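Given the coordinates of chain R, assemble chain E onto it according to the supplied hints.
If you read the sequences in order, they're chains R and E. Taking the working numbering, the leading residue of the first sequence gets 105, the next gets one more, and so forth. Taking the working numbering, the leading residue of the second sequence gets 105, the next gets one more, and so forth.
Hints in this document: simulated from the structure, not taken from any laboratory. Do not rely on the hints blindly, as some may be mistaken.
Derived DEER-like restraints, expressed as beta-carbon distance ranges [unchecked claim]: (1) K387/E - K123/R: 24 to 30 Å; (2) G507/R - T190/E: 46 to 52 Å; (3) E458/E - P122/R: 48 to 54 Å; (4) E327/R - D198/E: 34 to 40 Å.
Footprint (simulated), chain E over chain R, 3 or more residues, beta carbon under 8 Å [as the list claims (entries may be wrong)]: (5) 166–179; (6) 198–212; (7) 229–235; (8) 251–265.
Only a predicted model underlies this, so the values are computations on that prediction, with no experimental measurement involved. Virtual Cβ for every residue (Gly too), placed ideally from N, Cα, C.
Protein chains: 2
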Amino acid sequence: MGRMKQSKLFTKTRKDAPKDEVSKNAQLLLRAGYVHKEMAGVYSYLPLGFKVLKNIEAIVRDEMNMLGGQEGILSSLQDPDIWKKTGRWDGEADEVWLKTKLANDSELGLAFSHEEPWARVLSEHVSSYRDLPLYTYHFAPKFRNELRAKSGLMRGREFLMKDLYSFTKNEDDLNTFYEDVRVAYENIFRRVGIGNNTYFTYSSGGIFSKWSHEFQCVSDAGEDTIYIDTEKRIAINKEIYTDEVIQETGLEKDRLIEAKAIEVGNIFKLGTKYAEALGLTYKDEEGNENPVVMGSYGIGIGRLLGTVAEILSDEKGIVWPESIAPFKYHLVELSGGDEAVKERADALYQQMVERGIEVLYDDRDAHAGEKFADSDLMGIPYRIVVGKNSVGGVLEVVRRSTGETLSMSYDEVLGS
Amino acid sequence: MGRMKQSKLFTKTRKDAPKDEVSKNAQLLLRAGYVHKEMAGVYSYLPLGFKVLKNIEAIVRDEMNMLGGQEGILSSLQDPDIWKKTGRWDGEADEVWLKTKLANDSELGLAFSHEEPWARVLSEHVSSYRDLPLYTYHFAPKFRNELRAKSGLMRGREFLMKDLYSFTKNEDDLNTFYEDVRVAYENIFRRVGIGNNTYFTYSSGGIFSKWSHEFQCVSDAGEDTIYIDTEKRIAINKEIYTDEVIQETGLEKDRLIEAKAIEVGNIFKLGTKYAEALGLTYKDEEGNENPVVMGSYGIGIGRLLGTVAEILSDEKGIVWPESIAPFKYHLVELSGGDEAVKERADALYQQMVERGIEVLYDDRDAHAGEKFADSDLMGIPYRIVVGKNSVGGVLEVVRRSTGETLSMSYDEVLGS
Numbered sequence: 105m106g107r108m109k110q111s112k113l114f115t116k117t118r119k120d121a122p123k124d125e126v127s128k129n130a131q132l133l134l135r136a137g138y139v140h141k142e143m144a145g146v147y148s149y150l151p152l153g154f155k156v157l158k159n160i161e162a163i164v165r166d167e168m169n170m171l172g173g174q175e176g177i178l179s180s181l182q183d184p185d186i187w188k189k190t191g192r193w194d195g196e197a198d199e200v201w202l203k204t205k206l207a208n209d210s211e212l213g214l215a216f217s218h219e220e221p222w223a224r225v226l227s228e229h230v231s232s233y234r235d236l237p238l239y240t241y242h243f244a245p246k247f248r249n250e251l252r253a254k255s256g257l258m259r260g261r262e263f264l265m266k267d268l269y270s271f272t273k274n275e276d277d278l279n280t281f282y283e284d285v286r287v288a289y290e291n292i293f294r295r296v297g298i299g300n301n302t303y304f305t306y307s308s309g310g311i312f313s314k315w316s317h318e319f320q321c322v323s324d325a326g327e328d329t330i331y332i333d334t335e336k337r338i339a340i341n342k343e344i345y346t347d348e349v350i351q352e353t354g355l356e357k358d359r360l361i362e363a364k365a366i367e368v369g370n371i372f373k374l375g376t377k378y379a380e381a382l383g384l385t386y387k388d389e390e391g392n393e394n395p396v397v398m399g400s401y402g403i404g405i406g407r408l409l410g411t412v413a414e415i416l417s418d419e420k421g422i423v424w425p426e427s428i429a430p431f432k433y434h435l436v437e438l439s440g441g442d443e444a445v446k447e448r449a450d451a452l453y454q455q456m457v458e459r460g461i462e463v464l465y466d467d468r469d470a471h472a473g474e475k476f477a478d479s480d481l482m483g484i485p486y487r488i489v490v491g492k493n494s495v496g497g498v499l500e501v502v503r504r505s506t507g508e509t510l511s512m513s514y515d516e517v518l519g520s
Numbered sequence: 105m106g107r108m109k110q111s112k113l114f115t116k117t118r119k120d121a122p123k124d125e126v127s128k129n130a131q132l133l134l135r136a137g138y139v140h141k142e143m144a145g146v147y148s149y150l151p152l153g154f155k156v157l158k159n160i161e162a163i164v165r166d167e168m169n170m171l172g173g174q175e176g177i178l179s180s181l182q183d184p185d186i187w188k189k190t191g192r193w194d195g196e197a198d199e200v201w202l203k204t205k206l207a208n209d210s211e212l213g214l215a216f217s218h219e220e221p222w223a224r225v226l227s228e229h230v231s232s233y234r235d236l237p238l239y240t241y242h243f244a245p246k247f248r249n250e251l252r253a254k255s256g257l258m259r260g261r262e263f264l265m266k267d268l269y270s271f272t273k274n275e276d277d278l279n280t281f282y283e284d285v286r287v288a289y290e291n292i293f294r295r296v297g298i299g300n301n302t303y304f305t306y307s308s309g310g311i312f313s314k315w316s317h318e319f320q321c322v323s324d325a326g327e328d329t330i331y332i333d334t335e336k337r338i339a340i341n342k343e344i345y346t347d348e349v350i351q352e353t354g355l356e357k358d359r360l361i362e363a364k365a366i367e368v369g370n371i372f373k374l375g376t377k378y379a380e381a382l383g384l385t386y387k388d389e390e391g392n393e394n395p396v397v398m399g400s401y402g403i404g405i406g407r408l409l410g411t412v413a414e415i416l417s418d419e420k421g422i423v424w425p426e427s428i429a430p431f432k433y434h435l436v437e438l439s440g441g442d443e444a445v446k447e448r449a450d451a452l453y454q455q456m457v458e459r460g461i462e463v464l465y466d467d468r469d470a471h472a473g474e475k476f477a478d479s480d481l482m483g484i485p486y487r488i489v490v491g492k493n494s495v496g497g498v499l500e501v502v503r504r505s506t507g508e509t510l511s512m513s514y515d516e517v518l519g520s
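Next up, chain R with everything else stripped away, as it sits in the complex:
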């Protein structure tokens, strides 16, 4: 579906977002018809939003495959047994779970993460050092019992997440892969258009490692506070912002700038905790059994979509980067009832379709003002207008991000 006539698209834009929607990203996405709000913290994707989601997914998948990741998809329904083994079924963890019950009264969980199930799967397939290292990932829904859910797509009770897991023989191999993932994540955030705003950020670690790391995208809508060295492109999360940490990370206090930010990714060294609890071991070269060393690497795909909408937008609407836009071109016909103009626009659309160019064709019987307002709100990167004043041979193409008008030949557009 690289092309579509807007008269056939079932979603409509609307002037106002629902009154209970306070977050800018959700307001814009709702008004432009990209998403539907099912309830607080739960959004459905309508055709345009679905296309953006899939485009982001494709970029993330590409980077995961280049890391050697093997894709699958694990279930949402979770067996309590494996979570009890790691101590994440009851107690503190209970606050985050959404749980459900079968007819026979046995309790199940809805996955809020997937360390335990992946470790169990691997325990059935890994036995020797020859099997390692290996990396698995999936795009799977996550469910969390959030108390507050007021940040639109940025904090959901249900959301799509890409989670990657590494399984290595030892800490050295983990550290090597961890650095590879850091680079892949930087590629992803650059490719979806927020690379300049996103910082590698020290955050609280766990039993195994001193720190974990987040990728924090600067935005007033963020729920986190970070301290940034803009030159080194490194930051520290407020949670661990102490003189000691500043020193240990090699940063200087008076060069750090405070900012609100959205956590768009995180990477953790997990050590052997999960492997030990779930019997995930391998035999080394000497024949000894060792627990596998794990790492986990997450990116919320819906949150990333929301972050781009939040950051790359202006008073008129969304400004999608070309890499993830639902279409590259928005072809707008302004015939005002003039059949010759309509035919010219129809013909151009047909030519674009034949060449496989991504285009949304606004063929609706509507006023110019309405069409332009919708186009700005929807945020497709290049707008081509075919109207009464369009001169043959040259197309006026407006770039959404800057508003500048480019004069392009048919060949330039059709060759793209």
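The following block gives chain E in isolation, referenced to the frame of chain R:
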């Protein structure tokens, strides 16, 4: 990921399926490493199974797009309000729901179907007869509180479903589209390899229409019983198998053959029930408000995968049709330590990779018997063996489905 070295694939085959697994499809898929069983009725997809799932999804998506379907994805968490309006939250419906609770104690459901949420979404976008007809679909997980779950991938507590919904002005438009879907479904079952075994089957209807229709695939593992006219390729479900129905469907009792069958798809005319309950109306040419007429059309993607594994398999393992196989070729190297042979196999793999040919390369250091048994179990359509006796210029290619050996030139393989 159109190619892979088997030494890198994290899944291993196994001789025996878990003892509690009684269904043939799940036994085969578990033994071949395609899926992991999380619990009764809940399966996760590992890399090979994930590839088959995505191949089936691509075929279904292609047919949905040709029908004019617009793809999105609605949430799993469900707002009780819309289901209360149609009477499907409590009472009888309660048996099928898996429900959960938020921290604030409010109850939510996990989608067992999506008529209500799609009708609500559409009620925000449809207002005029000019907006209709329109068709929406998604691939979304479904959750059901199944009492029994012993048929492997064929009856799940969590499963991926493609559901398509039609929204039309009147019954005539519904009937026209219903016939189009019937053809699309026949295409799908043919394309995934079970067309010959699958019958258009009359089944019980509802308030609105006398009958609904199922697509039933003949198999001893089926949970349904149908009566088939093999010539007309039409069947009647036992549930409604009466003299009256036989007569009304134009069939003849003594031509009908009883068989067990798996329901791989179903199509329903819903009428205006959901639209009326959820305020989904349109203004007609005369300015009158009318409820939208709906239809719903489902295919369980996981069940379809399980059905193919159940039906297209022999005593050695699975026999995937080329259209949905994880790879087209299984390249098996039998060097037995002979470096020259190994190099020849490596070179062929490299050439196949460069041409974008789908190939799994068994480069493992293992005995011929083990490699052949794994290959038969995994069921990739064409096996190419490179061993000591392989003569230069000619490749021996064994077709999994028939066991016949084809002599093919390198060019024939590389050109494919």
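Taking the Cβ atom of E327/R and the Cβ atom of D198/E, is their distance within the range 34 to 40 Å? 37 Å, holds
Per the coverage rule (Cβ-Cβ under 8 Å, at least three residues), is the region 198–212 of chain R covered by chain E? Per the Cβ count (9), the hint holds.
Check, residue by residue, whether the region 166–179 of chain R contains three or more positions whose beta-carbon lies closer than 8 Å to a beta-carbon of chain E, and give the verdict. n = 8 at 8 Å, threshold three: holds.
Evaluate the given range 24 to 30 Å for the C-beta pair formed by K387/E and K123/R. 26 Å, holds
Is the listed coverage of the region 251–265 of chain R by chain E valid when you require three or more residues with a beta carbon under 8 Å from a beta carbon of that chain? holds (count 3)
At the C-beta level, are E458/E and P122/R separated by a distance inside 48 to 54 Å? 53 Å, holds
Between G507/R and T190/E, does the C-beta distance stay in 46 to 52 Å? 47 Å, holds
At a Cβ distance under 8 Å, does chain E reach at least three residues of the region 229–235 of chain R? holds (count 3)
Of the hints listed earlier, there is not a single one the structure fails to meet.
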